[in-house]
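Visitor: Sequence:
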Amino acid sequence: MRVAFVGKGGSGKTTLSALFSRHLARSGAPVLAIDGDINQHLAEALGDEEKSAPALGEHLAEIKDFLRGTNPRITSREAMIKTTPPGRGSRLLRPLGDDELHARHVGRAGGVPLMVTGEFDESDLGVACYHSKLSAVELYLGHLVDGPGEYVVVDMTAGADAFASGLFTRFDLTFLVAEPTRKGVSVYRQYRDHAEQFGIRIAVIGNKVTCEDDLLYLKEQVGDDLLAHLVQSPWIRAAEQGRTEAGLDALDSLEPHNRHALTILREAVDSHPRDWDRLHRHAVEFHLRNARAWADARTGEDLAAQVDPEYVPGGTPPNA
1 MRVAFVGKGG SGKTTLSALF SRHLARSGAP VLAIDGDINQ HLAEALGDEE KSAPALGEHL
61 AEIKDFLRGT NPRITSREAM IKTTPPGRGS RLLRPLGDDE LHARHVGRAG GVPLMVTGEF
121 DESDLGVACY HSKLSAVELY LGHLVDGPGE YVVVDMTAGA DAFASGLFTR FDLTFLVAEP
181 TRKGVSVYRQ YRDHAEQFGI RIAVIGNKVT CEDDLLYLKE QVGDDLLAHL VQSPWIRAAE
241 QGRTEAGLDA LDSLEPHNRH ALTILREAVD SHPRDWDRLH RHAVEFHLRN ARAWADARTG
301 EDLAAQVDPE YVPGGTPPNA
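For the sequence shown, counting from 1, position 313 maps to 313 in the UniProt record's numbering; every step adds exactly one.
None of these hints come from the bench; they were simulated from the model. Yeah, the Cβ is synthetic: ideal placement off N, Cα and C, and Gly gets one too. One should not assume that every hint holds.
Stated by the list, open to error - Beta-carbon label-pair distances, calculated as ranges:
hint, residue 1, residue 2, range
1, Arg104, Glu212, 42 to 52 Å
2, Pro72, Thr181, 51 to 61 Å
3, Asp275, Gln190, 17 to 27 Å
4, Lys219, Asp193, 11 to 21 Å
5, Arg259, His41, 14 to 24 Å
6, Ala61, Arg259, 37 to 47 Å
7, Gly315, Leu216, 44 to 54 Å
8, Cys211, Asp98, 41 to 51 Å
9, Gly314, Lys219, 32 to 42 Å
10, Glu267, Thr299, 38 to 48 Å
11, Thr263, Cys211, 18 to 28 Å
12, Arg292, Lys219, 40 to 50 Å
Using the sequences and the accompanying hints, generate a full structural model.
Guide: Right, here's the structure in full:
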């Protein structure tokens with residue numbers, strides 16, 4: 001199951017992404033965390049212990065070559081864009097599967113397997129958009145065959161910037177982290193209005209709640225979309241300052257209310273079955289949008305031909 005964490009910059013979405021990933025890993029569930037934020041802080045939020053791996057965004061061409069496999073509809077790596085959907089001959093993946101991509105790009109932080117998109121380097125400054133690096137994440141999720149009890153947790157870019165690509169449609173559930181402020185709620189409303197157009201399921205996680213008035217404010221502004229809330233946490237502040245123990249067992253010291261909130265989040269994810277038809281329908285829709293808007297002209301090809309009408313979404317990848 002695929003989960004995204006979004007929200008206003010500074011709302012705590014990276015912290016919540018890390019806490020939820022650690023919560024899942026501590027239970028023994030297979031989980032992969034992906035840092036898809038321009039501010040690459042997820043490894044730090046997961047814990048001090050880190051085994052890094054090459055960033056996805058720095059190896060996009062090789063990732064394209066690997067994923068397209070023998071798919072005859074994709075003529076070259078240059079013709080494969082971020083929205084190109086899988087078809088017959090494409091390489092499908094299992095989370096943390098025994099394959100070249102995972103072997104190369106999965107590191108570890110705080111006991112949690114981690115992929116990173118990568119930061120801007122000097123050659124990107126002034127000439128590239130961060131979504132060019134996120135193309136690797138979008139392609140990865142597009143070729144992923146994951147099931148119940150398997151979790152991929154993505155820390156997304158801040159605000160509504162995630163809507164600049166079709167990546168926002170790649171998830172089973174999107175958690176929007178909102179502080180009890182007008183700014184926090186305004187980002188929720190913006191995200192909600194965009195998500196409603198495509199039937200994207202969102203749930204709001206209130207964060208940094210200090211009193212009953214904070215909680216009432218969120219309930220008034222968010223309504224039934226409010227799934228859970230976390231109270232202001234001395235443990236989290238100490239962790240952010242490097243004053244708590246690393247490792248999954250350190251969550252035992254997290255405040256009971258906040259530990260329970262993480263349980264509510266997992267129950268919400270588990271209660272929503274995968275809709276493969278919706279995922280594939282959105283993948284095709286956004287691919288055709290991108291093809292018409294810019295990619296056909298850039299590649300000199302009719303990229304609508306990359307859509308395989310006989311491809312069955314959710315098929316079994318090798319080594320499954």
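Visitor: Against this structure, judge whether each hint is valid.
Guide: Results for each hint:
1. Checking the proposed 42 to 52 Å range against Arg104 and Glu212 shows it holds: the Cβ atoms sit about 50 Å from each other.
2. Between Pro72 and Thr181 the beta carbon distance is about 52 Å. The supplied range of 51 to 61 Å therefore holds.
3. Judged by the Cβ atoms, the range 17 to 27 Å given for Asp275 and Gln190 holds: they are separated by roughly 24 Å.
4. For Lys219 and Asp193, the Cβ-Cβ distance of about 20 Å falls inside the hinted range of 11 to 21 Å, so the restraint holds.
5. Taken as a hint, the range 14 to 24 Å holds for the pair Arg259 and His41, whose Cβ atoms sit roughly 22 Å apart.
6. At about 43 Å, the beta-carbon gap between Ala61 and Arg259 stays in the expected band of 37 to 47 Å.
7. As the Cβ distance of Gly315 to Leu216 is approximately 48 Å, the hint placing it in 44 to 54 Å holds.
8. Separation of Cys211 from Asp98 is about 50 Å and conforms to the stated range, judged on CB atoms against 41 to 51 Å.
9. For the hinted restraint 32 to 42 Å between Gly314 and Lys219, the CB-CB distance of approximately 37 Å keeps it satisfied.
10. For the pair Glu267 and Thr299, the supplied restraint of 38 to 48 Å holds, since their beta-carbon distance comes to about 44 Å.
11. Roughly 23 Å separates the CB atoms of Thr263 and Cys211, a value that falls within the hinted 18 to 28 Å.
12. For Arg292 paired with Lys219, a C-beta distance near 42 Å keeps the hint of 40 to 50 Å intact.
Of the numbered hints listed earlier, not one is contradicted by the structure.
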